[in-house]
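Visitor: Generate the whole structure from the sequences, applying the supplied hints.
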Amino acid sequence: DGGITQSPKYLFRKEGQNVTLSCEQNLNHDAMYWYRQDPGQGLRLIYYSQIVNDFQKGDIAEGYSVSREKKESFPLTVTSAQKNPTAFYLCASRDRVLGSNQPQHFGDGTRLSIL
Amino acid sequence: EDQVTQSPEALRLQEGESSSLNCSYTVSGLRGLFWYRQDPGKGPEFLFTLYSAGEEKEKERLKATLTKKESFLHITAPKPEDSATYLCAVRMETSGSRLTFGEGTQLTVNP
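Protein sequences, first through last, are from chains S and H. Residue 112 in this note's numbering sits at position 112 of the first sequence; the count goes up by one each step and never skips. Residue 223 in this note's numbering sits at position 108 of the second sequence; the count goes up by one each step and never skips.
Take the hints with a grain of salt, since some may be wrong.
FRET-style restraints, in silico, Cβ to Cβ [what the hints assert, rightly or not]:
hint, chain 1, residue 1, chain 2, residue 2, range
1, S, V52, H, G156, 28 to 34 Å
2, S, G99, H, G156, 30 to 36 Å
3, S, G99, H, E160, 16 to 22 Å
4, S, E62, H, P123, 29 to 35 Å
Treat the hints as calculated values from the structure; they're not laboratory data. We put the beta carbon where it would ideally sit given N, CA and C, even for glycine.
Guide: Here it is, written out as structure tokens:
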């Protein structure tokens, strides 16, 4: 089945540690996105990528980094500079070929907590 | 400032009791409004895209409508399995493919 796979489902970070969240899609979508979701808040955009080897900062990029070396993969690193990393992280992808109003489709998220 | 506001924050219905969720927006140059459903611990699931005022879309017990300032998600004769958080998001003329999300409405349908 085509879809977006995020792993792990749960992740724990120690103080001062960098952690990387995986996002893989087999939908052949060009565009991929990372969001953060906190209780009672809407999704906030961290980074996005429209094509391989290119990405842009979203609204809350500080303390995060990404790479886009392959079309199907868009990993997110939460660095030690992110002081409040506890949240639910969602990855999404979108088919750019069919037009700019194609919806984003989401994975099932990674819940990150601080030890 | 561009904003998306959903109301109510939470809604409890009895099975079969129809109601509506609201998504109001203050953005310049709306290019699309999206509705999603999110179950606990899961990612949002796409429901509808609306492009222009007066447009309506339906799926089972759900019907989405759009005006120049807001969108409604009407739920007709809901069932317990309709319980979820419903999110709306807008795409603006100046934002490319980026979406701005509202905070969601948590719907509970009691049997």
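Visitor: Work down the list of hints and note, for each, if the structure agrees.
Guide: Verification of the hints:
Separated by about 31 Å at the C-beta atoms, V52/S and G156/H satisfy the suggested range of 28 to 34 Å. At roughly 31 Å, the beta carbons of G99/S and G156/H sit within the given window of 30 to 36 Å. At about 21 Å, the CB distance of G99/S to E160/H agrees with the hint of 16 to 22 Å. As the Cβ distance of E62/S to P123/H is approximately 33 Å, the hint placing it in 29 to 35 Å holds.
In this structure, every one of the numbered hints holds.
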